[in-house]
Amino acid sequence: MSKPKVFVTRLIPEAGLDLVREACDAEVWSEPLPPPIEVVKEKLAGCQGLLSLLTEKIDGELLDALPDLKVVSNYAVGFNNIDIPAATERGVCVGNTPGVLTEATADLAFTLLISAARRVVEGHRYTVEGKWRTWEPRGHIGQDLMGKTIGIIGMGRIGYAMAKRCHLGWDMQVLYHDPNVNEHADRDLKAKHVDFETLLAESDFISVHADLNETTKGMFDSKAFKQMKSTAVFVNTARGPLVVEADLTAALKQGEIFAAGLDVTDPEPPNMENPLLQLENVTILPHIASATVSSRNGMARIAAENLIAGVRGEALPHWVNPEVADRRRS
Numbered sequence: 014m015s016k017p018k019v020f021v022t023r024l025i026p027e028a029g030l031d032l033v034r035e036a037c038d039a040e041v042w043s044e045p046l047p048p049p050i051e052v053v054k055e056k057l058a059g060c061q062g063l064l065s066l067l068t069e070k071i072d073g074e075l076l077d078a079l080p081d082l083k084v085v086s087n088y089a090v091g092f093n094n095i096d097i098p099a100a101t102e103r104g105v106c107v108g109n110t111p112g113v114l115t116e117a118t119a120d121l122a123f124t125l126l127i128s129a130a131r132r133v134v135e136g137h138r139y140t141v142e143g144k145w146r147t148w149e150p151r152g153h154i155g156q157d158l159m160g161k162t163i164g165i166i167g168m169g170r171i172g173y174a175m176a177k178r179c180h181l182g183w184d185m186q187v188l189y190h191d192p193n194v195n196e197h198a199d200r201d202l203k204a205k206h207v208d209f210e211t212l213l214a215e216s217d218f219i220s221v222h223a224d225l226n227e228t229t230k231g232m233f234d235s236k237a238f239k240q241m242k243s244t245a246v247f248v249n250t251a252r253g254p255l256v257v258e259a260d261l262t263a264a265l266k267q268g269e270i271f272a273a274g275l276d277v278t279d280p281e282p283p284n285m286e287n288p289l290l291q292l293e294n295v296t297i298l299p300h301i302a303s304a305t306v307s308s309r310n311g312m313a314r315i316a317a318e319n320l321i322a323g324v325r326g327e328a329l330p331h332w333v334n335p336e337v338a339d340r341r342r343s
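Sequential numbering from 14 applies to the sequence shown in our numbering.
No lab work stands behind these hints, which were simulated from the structure alone. For each residue, glycine too, the CB sits at the ideal point set by N, CA and C. Don't take each hint at face value.
[As the list claims (entries may be wrong)] BS3-like cross-link-like pairs, simulated, lysine-lysine; straight-line CA separation at most 30 angstroms:
id	residue 1	residue 2
1	Lys203	Lys177
2	Lys242	Lys205
3	Lys236	Lys54
4	Lys177	Lys236
5	Lys144	Lys177
6	Lys242	Lys177
7	Lys242	Lys230
8	Lys203	Lys236
9	Lys266	Lys203
[Stated by the list, open to error] Using C-beta positions, here's what the derived DEER-type ranges look like:
id	residue 1	residue 2	range
10	Tyr139	Ala338	55 to 61 angstroms
11	Glu102	Ser43	45 to 51 angstroms
12	Ser243	Ala58	45 to 51 angstroms
13	Arg325	Tyr139	53 to 59 angstroms
14	Pro282	Arg146	31 to 37 angstroms
15	Ala58	Leu290	25 to 31 angstroms
16	Pro280	Glu149	33 to 39 angstroms
17	Pro335	Pro299	49 to 55 angstroms
18	His137	Gly59	46 to 52 angstroms
19	Thr68	Lys230	15 to 21 angstroms
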């Protein structure tokens with residue numbers, strides 16, 4: 014019996030690739046950069062499954078060109094790169110990889126928070142560039158962390174994990190803004206559910222863990238930054254388009270906020286001419302929040318399991334659009 018044909022758009026960890034290759038007739042894109050959309054369409058001809066990354070745009074037009082495609086398994090928690098209604102309408106299952114990167118992402122969010130607050134990267138550059146001549150009593154002064162207030166935007170799994178680190182480790186008061194009340198955060202972390210403006214005005218640190226949608230896109234603009242404390246540190250490990258980068262750049266330049274730590278940008282990677290890259294008071298990482306052995310292996314296994322279940326006509330372990338079950342492509 015022939016194996017179902019699938020296309021994998023990037024080299025993911027072997028923990029997932031081994032499963033895919035055992036169960037499927039798999040072609041894996043091995044180049045360091047994502048395949049162009051024309052190549053994706055060409056490689057997917059006759060395929061029943063696609064294992065994609067956030068870099069691949071999956072829309073109705075592409076799905077219409079691929080009548081054999083049964084499942085799109087995204088190697089990510091997010092799925093903004095996929096038109097979910099279009100996939101559902103056409104009977105295509107979509108899977109994602111939630112849960113396994115919660116702790117790793119929260120760790121990196123706190124890494125960015127403390128690095129930006131204490132000017133760690135700036136100090137490193139100062140040292141390796143040979144500028145350090147003596148101990149400076151008024152040099153490299155950052156912000157204190159103990160007993161301060163952390164504002165969490167999006168109190169889901171990752172937001173909660175970040176708040177837990179700040180509250181239990183650094184005795185911070187927790188404020189959060191979310192469409193829903195998180196009773197666990199209220200009870201366990203003595204967190205307060207507040208409106209957006211209150212969080213901006215009262216937080217010493219703001220960490221973003223919100224979904225990207227029409228209501229959150231660009232929510233951090235010049236108006237938002239002007240409402241923050243001049244000593245505030247802003248951290249984003251969620252999605253780049255949540256922030257208007259030109260407004261963040263201006264806020265950092267003008268001292269409206271103290272510093273920022275970013276694991277995501279818009280676009281990714283940023284243009285090297287982007288003035289944000291020239292600022293001392295911002296730390297920018299190449300989207301590495303999930304980059305630990307256990308997280309990336311876990312994501313690979315889940316993505317593989319979603320893909321295999323989809324091509325076999327089974328329920329996906331992590332199904333973004335389970336409502337498609339009764340009309341999935343056969």
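If you test the structure against every hint from before, which numbers come out violated? Those not satisfied are hints 3, 5, 9, 11, 12, 15 and 17.
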